[in-house]
Amino acid sequence: MSDYFGIDLGTSNCAIAMATDAGPPEILPITQVINASGIGESLLLPSSLYIPAEGEFPEGGPILQWHEAGRHSFLGTFARDRGALQPDRLIASAKSWLCHPHADRRGPILPWGSTTVQKKLSPLEVSREFLSHLLANIRAVNPAASLEHVVITVPASFDEAARALTLEAATQAGLGEVTLLEEPQAAFYAWLDNQGTEWRKQVKSGDLVLVCDIGGGTADFSLIAVTGKDGNLGLERIAVGEHLLLGGDNMDLALAHAVSEKLTAAGINLDEWQFLALVQAVRAAKEALLSNPLLQETHISIPSRGRKVIASTISAVLTQNDVQQIAVDGFFPIVGNNEMPILRRAGGLRESGLPYAADAAISKHLARFLARAKANSASLPQLTEAIGGSERLDRSPLLLPDAVLFNGGVFNAIALRQRVLEQLSQWAGTPIRELEGSRPDHAVALGAAAYARLRSTGEGIRIKSGTARSYYIGMESSAMAVPGRRPVTKALCVAPQGMEEGSRLEISGQEFFLYTGEASDFRFFQSEVRAGDQAGQMLPDTAELEESARLQIEIPPPAGHQPGEEIPVRLEARVTELGNLELHFLHPPSGESWKLEFNVRLQ
Amino acid sequence: MRRVESPLPINASSRTISARMKNSLIASGTVLLGLNAASVYFPEQNLTLAAQTASAAIGMVLVFLAIRPQPKQKPEAASPSKPATLPPRAEAEIVAFLALLQEHARLVDFAKEDIAAASDAQIGSAARVVHAGCRKVLDEYFEITPLQNTPEGTTLTLESGYDAPAFRLLGSVPENPPYKGKLLHPGWIARSVKLPRVTGTTEKRPWPVLAPADVEVSGN
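So the protein lines, in turn, are chains A and B.
Numbering follows the working numbering, in which position 381 of the first sequence is assigned residue number 383; successive positions increment by one, without gaps.
Numbering follows the working numbering, in which position 193 of the second sequence is assigned residue number 215; successive positions increment by one, without gaps.
Read the hints as simulated data drawn from the structure, not as lab findings.
By construction, the Cβ of each residue, glycine as well, lies at the ideal position given by its N, Cα and C atoms.
Be aware that a few hints might be false.
One-sided and incomplete, this derived list gives chain B residues near chain A with beta-carbon spacing under 7 Å [said to hold, decoys possible]:
1. Asp131
2. Tyr184
3. Gly222
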């Protein structure tokens with residue numbers, strides 16, 4: 003008898019699911035601080051961390067049984083609610099900082115931009131705090147639980163550095179060695195687990211399924227191909243999207259601004275606290291309007307801050323028209339297959355902070371994802387075959403799916419599911435269907451627990467998925483120096499897309515020179531759309547790549563070599579059993595090797 | 023004619039209502055009833071029908087649930103001389119529950135405010151805040167379902183041995199069952215309760231504050 007745990011370390015909320023050897027996985031309630039005087043359980047743990055002022059809780063405040071004295075932060079419901087009143091002390095969306103290439107992910111930078119918090123936390127520490135809390139909950143329910151089979155989900159858009167940091171946070175939290183799983187795949191596993199053997203009736207060989215996962219703060223897309231012969235179907239994840247900070251919260255905020263503007267026009271101005279209350283009220287009103295198209299309008303009440311709830315409550319109206327225009331047409335406009343999102347805001351300077359999506363039109367981001375997925379599939383014959391041959395590529399500038407699996411709270415609204423299907427059907431010129439039996443709220447944790455079980459027992463179908471991107475290391479070209487021109491950085495492909503867990507690849511036949519004993523710059527690049535690149539392939543420049551990390555490392559000279567000396571090395575890429583990408587520099591004469599993890603750190 | 027469904031949750035014996043829950047139920051029920059009484063007192067006020075009926079119904083049922091005898095309790099266990107004062111812990115739980123209703127539904131503010139001069143529209147608008155918050159608290163911390171799943175107006179027969187505490191008989195009631203009659207209100211039952219546990223109380227302050235005073239800080 004074993005226990006299998008799935009942890010959804012979400013951008014807005016976390017959840018834990020547990021499975022045993024048989025039966026469907028179940029969500030475990032999470033004990034957390036509910037308010038300033040109470041501890042309770044909830045199925046979700048809001049991913050909010052609140053750092054109180056030293057003088058705020060002189061007696062320590064509400065304490066959980068596993069908390070040691072001297073704790074300086076709160077997690078979950080209380081953190082979210084209290085943090086809304088003191089945004090300067092609230093850390094939210096910490097997960098998105100983990101995959102922010104320009105942030106110091108090990109540095110104490112959160113709460114971002116806070117001027118009051120003395121002791122800030124790093125994105126890595128915040129993830130560790132959440133994982134420790136979730137582990138304490140597992141331990142509280144089952145002190146003897148074996149942690150052999152724990153799966154943590156990450157966005158498909160997480161690059162290797164963010165994945166490695168998540169693994170590191172898990173180890174620091176005491177979870178030991180865990181396995182990572184992409185969230186859209188987890189949603190797909192939940193669907194498979196829920197359907198049992200029936201899933202084969204909903205898809206057939208040659209089908210392409212879009213997993214469309216839109217939560218509170220992020221949108222995450224993946225394409226899964228159904229391969230193989232009928233009766234012996236296989237599944238392969240063939241494309242993942244970019245990290246997109248756009249979700250249901252943006253809709254609520256947009257609607258709240260619309261209502262607030264109407265009030266301003268009527269001479270009523272809301273303070274910050276009232277605006278927060280408005281956002282909450284608008285969320286409920288939006289859900290009511292989207293679930294009932296016959297409802298013309300919903301009244302909203304915004305209480306005042308003071309004691310007079312009757313005399314000072316402000317009334318507003320959210321109409322069906324507002325919701326259709328702003329939430330449906332604003333975020334899911336019907337667009338042509340060549341309409342791509344605006345990627346950067348106009349204006350040369352951007353305020354530092356999280357790179358929120360500049361274009362709210364999710365349909366356009368979807369078009370961009372499908373166009374890039376097409377380019378990627380066309381670059382490698384095996385991928386072209388996996389999607390059912392080149393006819394699919396010829397049909398449209400986009401790689402269009404046959405069916406969609408929805409995930410994330412946004413898609414509790416049927417109107418929004420229908421809108422996405424309408425858009426895809428319009429692009430395809432033929433109806434695109436929805437896979438039935440999705441469970442938008444808890445699927446990721448449930449699917450992760452189901453995956454933990456099937457990974458251990460081997461019973462059930464697995465989605466074939468290697469590394470989602472190809473990885474490159476920047477190389478200084480050995481061209482002749484030209485005054486006034488910096489040498490072009492070439493990019494060496496060190497890990498091709500699709501490398502599977504437990505595999506290694508040596509870049510054979512080539513030697514590279516490594517400076518030792520001096521700090522040197524290493525630049526790393528990645529791409530989601532170059533499946534055709536092979537390990538060892540040199541790209542003449544980095545124009546089409548995305549820079550994922552840049553760091554200064556000093557490699558100590560091996561015995562018998564002087565600092566400053568260049569030594570010849572061979573390169574080997576490995577993907578560990580846990581799905582962590584490592585790059586090894588081997589120096590055969592001395593027998594020494596250096597491991598560069600993509601998180602990115604030298605050991 | 024339909025058979026009466028068992029109103030008790032599964033494993034009712036293990037889920038009888040504790041003193042702590044009972045107190046919370048009395049508190050919440052009373053407050054909700056009070057709320058409703060206010061709206062009856064001002065019959066022409068445009069409190070939404072939903073808010074009115076919901077608060078009335080929930081209030082009645084919560085009080086009813088709390089004061090009704092425990093169905094599975096043995097007669098000898100029901101001591102007639104209960105201590106008159108509540109243990110401090112139970113009081114703390116009640117105050118904490120009321121604090122939840124204040125936090126989410128502004129219930130204490132609402133009940134304590136003088137509404138004599140308020141317009142119907144103002145009261146209606148505030149009722150939405152109270153309604154949304156009460157609903158959130160009830161949905162989050164209780165699993166509340168109707169006692170009877172038959173629609174109002176259905177004719178029922180209560181056979182001898184029926185679960186008496188789950189019914190209130192109105193009209194001309196014969197000495198002994200079977201009782202045949204029309205269902206006027208299907209009743210409510212809390213099938214589970216998971217209220218937050220109070221922490222941080224001290225001898226000096228045996229229960230939490232109902233609502234802390236809000237201070238907007240502008241610096242040292």
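Problem - Interface hint status, glycine 222 of chain B versus chain A (Cβ within 7 Å) - result: holds, 6 Å
Handout entry: chain A contact restraint on aspartate 131 of chain B - CB to CB distance below 7 Å
Key = For aspartate 131 of chain B, the interface hint holds, since the closest Cβ of chain A sits about 4 Å away, which is under 7 Å.
Practice task
Could you check if tyrosine 184 of chain B really has its C-beta closer than 7 Å to a C-beta on chain A?
Solution key: Violated - the Cβ of tyrosine 184 of chain B stays beyond 7 Å from chain A, reaching only about 35 Å at its closest.
Of the numbered hints given earlier, the model fails hint 2 alone.
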